[in-house]
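Colleague: Take a look at the letters that make up each chain.
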Amino acid sequence: MSENVFQPKIVAFLCNWCSYAGADLAGTSRTQYPPNVRIIRVPCSGRVDPLFALKAFQDGADGVMVLGCHPGDCHYQQGNYFAQRRYALMHRLLEFTGVESERLFVDWISASEGKKFAQVVTDFTERVRALGPVPIKRQTPALQEVSA
Amino acid sequence: MNQDKPRIGVYVCMCGSNIAGTVDVPAVVEASKKLKNVVLVRYNKYTCAGPGQTGIKEDIKAHNLNRVVISACSPRMHERTWRTMLAEAGMNPYLLEVANLREQCSWAHPAGDMTTQKAIDLVAAAVERVSWHNPLFPRRVPVTKSALIVGAGIAGIQAALDIAKAGVPVYLVEREPSIGGHMAQLDKTFPTLDCSACILSPKMVDVGSHPNITLLSYSEIEKVEGFIGNFTVTVRRKARFVDETVCTSCDDCTAVCPVQVPAEFDLGLAERKAIYRPFAQAVPSAFRIDKRGPAPCKNTCPAGIHVQGYVALIGEGRFKEAYDLICEQMPFPGVCGRVCHHPCEAACRRGDKDQPVAIEFLKRFAADWVTAHPEATAPPPATAKPVERPLQGHRVAVVGAGPAGLTVARDVAQMGADCDVYESLPVAGGMMAVGIPRYRLPADALQREIETIISTPGVNLLLNTPVQLEGESKSGPSLASLQRDCNAVFIGVGAHQGMHMGVPGEDLKGVLHGAEYLRQLNLAQLGVKGLKTPNVGSHVVVIGGGNVAIDSAMTAKRLGADKVTVLYRRTRAEMPANDWEIEEAEEEAIEFHFLASPIEFRGKKGKLAAIHAQRMELGEPDESGRRRPVPIEGDTFELDADTVIVAIGQRLGQSLGEVEQSRRSWIETDPVTLQTSRPGVFAGGDAVSGPASVVEAGGAAHRAVESIRRYLLGEELAEGRSAEPADISDIDYYDPESWALTARQEMPRREVEARCGFNEVSLGFTEEQAIAEARRCLSCGICSECLACSNVCGAGAINHDAQDELIDIDVGAIIVASGFDPWDPTPMLEYGYGVYPEVYTGLEIERLSNASGPTSGEIVMRSGEKPKRVAILHCIGSRDEHYQPYCSRICCMYSLKLAHLIEEKTHAEVFNFYMDMRSFGKGYEEFYERVQREGVVFVRGRAAQVSPDGDRLIVRAEDTDLGRPVNLPVDMVILATAAVPSKGSAELAQKLHVTRDATGFFLEAHPKLRPVDSNTDGIFVAGACQAPRDIPDTVAHAGAAASQALGLLSQEFVEVVPTVAEVRTLHCVGCGLCVEVCPFSAPSLVESRGRMVAEINEALCKGCGLCVAGCRGKAISLRGFNDTQILTQLEALLQLSPATCA
Ligand code: FES
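These protein sequence lines are chains L and V, in that order.
If you use the working numbering, the first sequence corresponds to residues 60 to 207, in order.
If you use the working numbering, the second sequence corresponds to residues 18 to 1159, in order.
Just chain L, same shape as in the assembly (with noise of 0.2 angstroms):
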């Protein structure tokens, strides 16, 4: 790789049911995809608080995923519809902090979806490398008061 290619530091929040297990998959297929991407597994993505997504900008990350499982698969029922509402409004928020919300990236994987996975992390990550650091570490007030 070269020296100059920015590599960015992708956080994603994985259900423990659906999307782990297709994180897994995708590993134990061997199916290879970047690895600027650091997992934390979560119960559900209903568990992921918004907050969790400002704190990892604000704490330089890049770009933000959070996965689920796929609408009415949800091993909570509902959790995966909290999330996607939670994370529309999101979208706005971030835009008002100054971060660009492509940053933050919400998809469904189901546990049989190695290659989905594979292929949304790689997708991402080009995207976000094509985007830049994120603006935290050149300046944005508000997203440090947001977040504070």
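There may be inaccurate statements among the hints.
Pairs of lysine-lysine, DSS-like flavour, derived with a Cα cap of 30 angstroms [as the list claims (entries may be wrong)]: (1) V:Lys78 to V:Lys51; (2) V:Lys1000 to V:Lys1025; (3) L:Lys174 to V:Lys1008; (4) V:Lys74 to V:Lys53; (5) V:Lys574 to V:Lys621; (6) V:Lys580 to V:Lys622; (7) L:Lys174 to V:Lys1000; (8) L:Lys175 to V:Lys922; (9) V:Lys1025 to L:Lys174; (10) V:Lys1008 to L:Lys175; (11) V:Lys22 to V:Lys53; (12) V:Lys526 to V:Lys491; (13) V:Lys883 to V:Lys922; (14) V:Lys162 to V:Lys53; (15) V:Lys1008 to V:Lys182; (16) V:Lys621 to V:Lys526; (17) V:Lys1000 to L:Lys175; (18) V:Lys162 to V:Lys883.
Per label pair, the in silico range of CB-to-CB distance [stated by the list, open to error]: (19) V:Asn984 to L:Arg186: 48 to 58 angstroms; (20) V:Asp818 to L:His150: 14 to 24 angstroms; (21) L:Arg186 to V:Thr98: 48 to 58 angstroms; (22) L:His150 to V:Val56: 39 to 49 angstroms; (23) L:His150 to V:Asn816: 54 to 64 angstroms; (24) V:Arg24 to L:Arg186: 18 to 28 angstroms; (25) V:Gly184 to L:His150: 56 to 66 angstroms; (26) V:Val56 to L:Arg186: 52 to 62 angstroms; (27) V:Glu1093 to L:Arg186: 27 to 37 angstroms; (28) V:Lys240 to L:His150: 27 to 37 angstroms; (29) L:Arg186 to V:Ala1116: 55 to 65 angstroms; (30) L:Phe155 to V:Gly1064: 38 to 48 angstroms; (31) V:Arg24 to L:His150: 42 to 52 angstroms; (32) L:Phe155 to V:Arg1129: 15 to 25 angstroms.
Computed footprint of chain L on chain V; a stretch qualifies when at least three of its residues, placed anywhere within it, have a C-beta under 8 angstroms from a C-beta of chain L [what the hints assert, rightly or not]: (33) 136 to 146; (34) 460 to 469; (35) 1116 to 1125; (36) 1136 to 1150.
Derived from the structure by calculation, the hints contain no laboratory data.
Heads up, the beta-carbon is just placed ideally off N, CA and C, and yes, glycines get one too.
Given chain L, put chain V with the ligand in place with the hints provided.
Modeller: Just chain V with the ligand now, kept in the frame of chain L:
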């Protein structure tokens, strides 16, 4: 927070070369040593192996470790192992964190710095996170010692028997009416060729009789709640309409059922009745009625006549039974079959295809047929149900012997009551007798039906006996006296008074009113003494646009008038008369004068001479939606007339004293019960609704009879009843695949020239016409509710009103054995399935080959002839990225079996078109060789197309061994279709919260090591619902699932994860958001020190964290996944960045 300062041991696993081959393990170890609170870092070749674990346990003791980080494979793999290990070392098992270095790092990325850096980050984050861990204590909950199995094919049957044998109660839920699944449909089984039914039936019988198995057939899972060891499953027991415990399987019912539909069990290659048993060896052996719901015709019929039922019976030539069935709801089939406005025909779904079934005429046909065949009119067969006479000892008075009154009288008398019917006229029948002209309804047709009613024991008809409705009467009965002498009263006096126009000259001689005119005419024609037919002269003008106006006009013509004109104030489009009546009038040269209304009747010497009329035009619509006629100022004209008949409506024309009446004098009743303002007095028919039809009067009578019954027995009148017909919008009515555009039978009618006097105009269907017409019925509800089965069922097992039932079952374990379905190859147009009749699926051939199948085991073409050459095409819909990417595993072998059977039974040449032959099991390869020896031809190459060629079919393929194209003419093509998850798997998976794989089969927890566990603890998968498999593998898999379930059920307690939510009461503002979002109702608001705060019921909490993320005051946290733990992990992950090491 744990009091002690964290002392963390970090173990980095090399996992052989699985991790070490990609990640620089020593670098990870070195980096980890620098981390805060880390006391010790070691690496192992295989941490999970015995020595690895022993080493850690020793370290814990020797180094006084109080936290452990294991950096190895996915926690989904070994987290449990490590927890047990910690417990064995005396530590709380939750003071552990696993860093996923294998599945999510070494296996997914190339060797190199970035991957190693990621591993370092993951370990650092785990170390940070574990520092914040607290000891957690799982709850122990008792295990419910029973299991539930979903699906009773061979997998479900095997698992049920295995569990039952161990002494554990099993609930076996099957959505079909019988257990057995697809195995019951097969003929022989490969490779041993033993008969499928012979090996399956004994097991089915065992299931049916095993004391530990509760079989819930024809039932579906509605809802699943709870967790491992403690599930509550709600099962919908779908209405079978036959009581399983009573049915003796005698099969008498199918003989009398008139409805035939394609049999699912035979894949539509044979027919079955609406009441049926899928196959002879079915368990339970009870029959079932396939009933989609009340057919639209019946539901629309005001009287609720079993329309589809009598139509079906007529279609079978069972006319007397049809007549009896009509009579149950409608004692006037002959009348109703002539004069009904038949709303049923507007609702008839056949009308959407071509024309509605001629329901009304069929009813008349049944009545006429019975009249013409007195020898066949034996009383209906005695029903199995005992005749109930609950109203014995009660006396009911009916005022008015019209259709409503007479129906009430018959019905209450049949229930045992004595019923006096008071009629003021010298004839019974009400409007049927005195309102409808005889050319529409001949006197004898009516008279017969009235006589049947009044001959019902208990009915006592009193003609010429008016009842005074208001006050007391000195000379005869009054409403008050009837109320005193009887237990209930029904008023059905009709609307017999013609309305007046209120224009000058209305009292002239020669001005008649429709109702009175028709009454006089009819009474005279019925031979009532002292009454003459009216003399109408030669110019008659009828005023009005309803049916009475048309009837008045047409009778006037028959009475000798030369010229009859109907004067109507709007246009033809607004006429309320039935269309067909208007057409008849036009045929008979009745003239119509629209947009005119009389303003004066002018006479000479007290006798009418002319009508002075006003011309009108249409203005704005009125409240009825019709455009209101408005006079055109000054535009009047005169019309000569000898007689004018005013037919602009009727009224009740009587006052009822204390009984409330509407402004327009109709009797006010409760719309549901038809009770008037006086308790015990009910009313119905025209006197309540205004002028309506016979069938509506019948409907009102049924409503009133039910109220009278309840009233007399002291029951609640309205409970469970509604004034509206049932909502049928959700019913999935039957749509036969085969139906042909067929015109409705024409009613034979008397020629216009021959319509002299009062001869009936419509002549009625012939038998052939009636049968042909009845067979146009689409059988929308499937069961026609002809009730023939109820009548013959000696055991009394049939209940046509049965309802679905929901039951809750508590179990400790669930096994999913929902099986597979053969894939429907219709989308692969190149093979012409469903287009060319001689293209079959494998399962269809199984049915043909089966001795109990539609051809009694003959493999023949639809023509009945044996095929001379047959092609079997393998891999249809399997191994094909457009359809199913996977190999369906069973098709090669069943194709070989079918090839053998066809060869044996028909001596046809059999060609197999295959891609690869997969004969992998015990004895399979040998079977393949045997079939080859038998002369079956194998062509390597996927068939590309099937096309017709005269009587035969051409299979096109490439023989890849020889490298040349093949065009093979054959008689029969068999598609070896893929196996796909059974219909409804997706919904079932959602209800159970278990996962399916990309192809839709249920996902096992581990493909090799946990093949029967699902992702949800306590739920297991068995058989072909997990992946396509043959019978031996299915039985083995099911046995494995049973033993796993038994393993769980043999424990006294299960541990429930302690990672549940908790509330910091001090921070809680009592907003209740948690209560709203929780899908499991775990949080609730309780009072604490004078304010409301949230409280979590740990037994209900599943630990999803939805409330935690939603809590505004951050008062709720999730044990094991609290904000601090996640945020510190996050921070640690981001501290060292990939950029720094790039
Ligand atoms: S458990 Fe996966 S989104 Fe809820």
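Colleague: Hints first: check each against the structure and report whether it holds.
Modeller: Okay, the hints, checked on the actual structure:
As the CA atoms of lysine 78 of chain V and lysine 51 of chain V are separated by approximately 22 angstroms, the hinted pair is consistent with the 30 angstroms bound. With a C-alpha separation of about 26 angstroms, the suggested pair lysine 1000 of chain V and lysine 1025 of chain V falls inside the 30 angstroms cut-off, and the hint holds. Among the hinted pairs, lysine 174 of chain L with lysine 1008 of chain V is consistent with the structure: their alpha-carbon atoms are about 26 angstroms apart, no more than 30 angstroms. Restraint check: the Cα-Cα separation between lysine 74 of chain V and lysine 53 of chain V comes to about 22 angstroms, which is no more than 30 angstroms; the hinted pair holds.
A C-alpha spacing of about 24 angstroms is found between lysine 574 of chain V and lysine 621 of chain V, which places the hinted pair at or below 30 angstroms, so the restraint holds. For a cut-off of 30 angstroms, the pair hint linking lysine 580 of chain V to lysine 622 of chain V stands: about 23 angstroms separates their Cα positions. Between lysine 174 of chain L and lysine 1000 of chain V, the direct Cα distance comes to roughly 26 angstroms. Compliance with the 30 angstroms bound is thereby established for this hinted pair. Of the pairs offered as hints, the one joining lysine 175 of chain L and lysine 922 of chain V is violated, with about 50 angstroms between alpha carbons and a cut-off of 30 angstroms exceeded.
Annotation: proposed proximity of lysine 1025 of chain V to lysine 174 of chain L holds, straight-line Cα distance about 20 angstroms (limit 30 angstroms). This hinted pair checks out: lysine 1008 of chain V and lysine 175 of chain L have alpha carbons roughly 25 angstroms apart, not beyond 30 angstroms. Simply put, lysine 22 of chain V and lysine 53 of chain V have alpha-carbon atoms about 11 angstroms apart, close enough for the 30 angstroms limit, and the pair holds. Proximity of lysine 526 of chain V to lysine 491 of chain V is assessed by CA-CA distance (about 34 angstroms); at most 30 angstroms being required, the pair is judged violated.
Between the alpha carbons of lysine 883 of chain V and lysine 922 of chain V the distance comes to roughly 9 angstroms, so the proposed pair stays at or under 30 angstroms and holds. Restraint check for lysine 162 of chain V and lysine 53 of chain V: not satisfied, since their Cα atoms lie roughly 48 angstroms apart, outside the 30 angstroms limit. Proximity of lysine 1008 of chain V to lysine 182 of chain V is assessed by CA-CA distance (about 28 angstroms); at most 30 angstroms being required, the pair is judged to hold. This hinted pair checks out: lysine 621 of chain V and lysine 526 of chain V have alpha carbons roughly 10 angstroms apart, not beyond 30 angstroms.
Proximity of lysine 1000 of chain V to lysine 175 of chain L is assessed by CA-CA distance (about 25 angstroms); at most 30 angstroms being required, the pair is judged to hold. Distance hint between lysine 162 of chain V and lysine 883 of chain V is unfulfilled; the C-alpha atoms sit about 55 angstroms from each other, more than 30 angstroms. At roughly 53 angstroms, the beta carbons of asparagine 984 of chain V and arginine 186 of chain L sit within the given window of 48 to 58 angstroms. Taking the beta carbon of each, aspartate 818 of chain V and histidine 150 of chain L are about 55 angstroms apart, not inside 14 to 24 angstroms as hinted.
Distance hint check: the CB atoms of arginine 186 of chain L and threonine 98 of chain V are about 39 angstroms apart, inconsistent with the given range 48 to 58 angstroms. Separated by about 44 angstroms at the C-beta atoms, histidine 150 of chain L and valine 56 of chain V satisfy the suggested range of 39 to 49 angstroms. Taking the beta carbon of each, histidine 150 of chain L and asparagine 816 of chain V are about 57 angstroms apart, inside 54 to 64 angstroms as hinted. About 43 angstroms separates the C-beta atoms of arginine 24 of chain V and arginine 186 of chain L, a value inconsistent with the hinted range of 18 to 28 angstroms.
For the pair glycine 184 of chain V and histidine 150 of chain L, the beta carbons lie near 57 angstroms from each other, so the given range of 56 to 66 angstroms is met. Evaluation of the 52 to 62 angstroms hint for valine 56 of chain V and arginine 186 of chain L yields a failure: the beta carbon distance comes to about 42 angstroms. Taking the beta carbon of each, glutamate 1093 of chain V and arginine 186 of chain L are about 35 angstroms apart, inside 27 to 37 angstroms as hinted. Between lysine 240 of chain V and histidine 150 of chain L the beta carbons are some 35 angstroms apart, a value that agrees with the proposed interval 27 to 37 angstroms.
Between arginine 186 of chain L and alanine 1116 of chain V the beta carbons are some 44 angstroms apart, a value that contradicts the proposed interval 55 to 65 angstroms. Distance hint for phenylalanine 155 of chain L and glycine 1064 of chain V: a CB-CB separation of about 55 angstroms, inconsistent with the stated range 38 to 48 angstroms. Distance hint check: the CB atoms of arginine 24 of chain V and histidine 150 of chain L are about 43 angstroms apart, consistent with the given range 42 to 52 angstroms. Between phenylalanine 155 of chain L and arginine 1129 of chain V the C-beta distance comes to about 19 angstroms, which sits within the given range of 15 to 25 angstroms.
Counting residues of the segment 136 to 146 of chain V whose beta carbon lies closer than 8 angstroms to any beta carbon of chain L gives 3, which meets the minimum of three for the stated coverage. Only residues whose C-beta sits within less than 8 angstroms of a C-beta in chain L count toward coverage, and the segment 460 to 469 of chain V has 0 of them, not enough to reach three; the restraint is violated. With a cut-off of 8 angstroms between beta carbons, the segment 1116 to 1125 of chain V has 6 residues touching chain L; three or more are needed, and the interface restraint holds. Counting residues of the segment 1136 to 1150 of chain V whose CB falls under 8 angstroms from any CB of chain L gives 8; the rule of at least 3 is met.
Hints 8, 12, 14, 18, 20, 21, 24, 26, 29, 30, 34 from the earlier list are contradicted by this structure; the remaining hints agree with it.
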